[in-house]
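Here is what each chain is made of, one letter per residue.
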Amino acid sequence: NAGVMQNPRHLVRRRGQEARLRCSPMKGHSHVYWYRQLPEEGLKFMVYLQKENIIDESGMPKERFSAEFPKEGPSILRIQQVVRGDSAAYFCASSPPDGVEQYFGPGTRLTVT
Amino acid sequence: GIQVEQSPPDLILQEGANSTLRCNFSDSVNNLQWFHQNPWGQLINLFYIPSGTKQNGRLSATTVATERYSLLYISSSQTTDSGVYFCAVLYGNKLVFGAGTILRVKS
Chain X
1 NAGVMQNPRH
11 LVRRRGQEAR
21 LRCSPMKGHS
31 HVYWYRQLPE
41 EGLKFMVYLQ
51 KENIIDESGM
61 PKERFSAEFP
71 KEGPSILRIQ
81 QVVRGDSAAY
91 FCASSPPDGV
101 EQYFGPGTRL
111 TVT
Chain R
114 GIQVEQSPPD
124 LILQEGANST
134 LRCNFSDSVN
144 NLQWFHQNPW
154 GQLINLFYIP
164 SGTKQNGRLS
174 ATTVATERYS
184 LLYISSSQTT
194 DSGVYFCAVL
204 YGNKLVFGAG
214 TILRVKS
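Order-wise, the sequence lines are chains X and R.
Sequential numbering from 1 applies to the first sequence in this note's numbering.
Sequential numbering from 114 applies to the second sequence in this note's numbering.
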């Protein structure tokens, strides 16, 4: 049973470009969560999604960031017009319908130059 | 919101030594997880332990929910145990992480 998959593992973008991070949850999991690990700030919740619905986006920056989890395909975290401060590790987690234990993917390390 | 505090912030052990890591949280929770972030940055699930005691090999964990703390025990430490250990509690829909304990095991 494959775990949570994220791609790409490493992403380099220049300031002003767009970054798209993908996450495929574990088989049988219908809940997806995105977290960000900034240097010196630890792991912080960003957004919680179920298929075609954003349930909680209280941790998302107000501008430039968006997330989706379509009926078919992976969840996408999109960052428009990236800035140096967006450089971080972005982790996706998934959980089964009971929503208790979350399992994490390997992360995408975004570097903005 | 809920506060999650971990101690000690960092720890250096000689290979073969035992250690206890602590996690305190400021409010009632229904879910607590322990993770190991290895030197490659991957987050590994160690325990899902909202209450009680669990053991997995050289690792064990205990959560006393009524007193709002959890402990992670590492016995006979190995160099591969090095990394950062996080506890996280489920608050609403999200996991709230502590700042972590940085563990270095020397051979």
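One should not assume that every hint holds.
Said to hold, decoys possible - Calculated lysine to any residue pairs in the SDA-like style (CA-CA distance at most 20 Å, straight line):
hint	chain 1	residue 1	chain 2	residue 2
1	X	LYS51	X	ARG20
2	X	LYS44	R	GLY114
3	X	LYS44	R	ILE115
To be clear, the hints were calculated from the coordinates, so they are not data collected in a lab.
Right, here's what the structure says about each hint:
1. LYS51(X) with ARG20(X): holds, 18 Å
2. LYS44(X) with GLY114(R): Within the cut-off at roughly 13 Å; holds.
3. LYS44(X) with ILE115(R): Holds: LYS44(X) and ILE115(R) sit about 13 Å apart, inside 20 Å.
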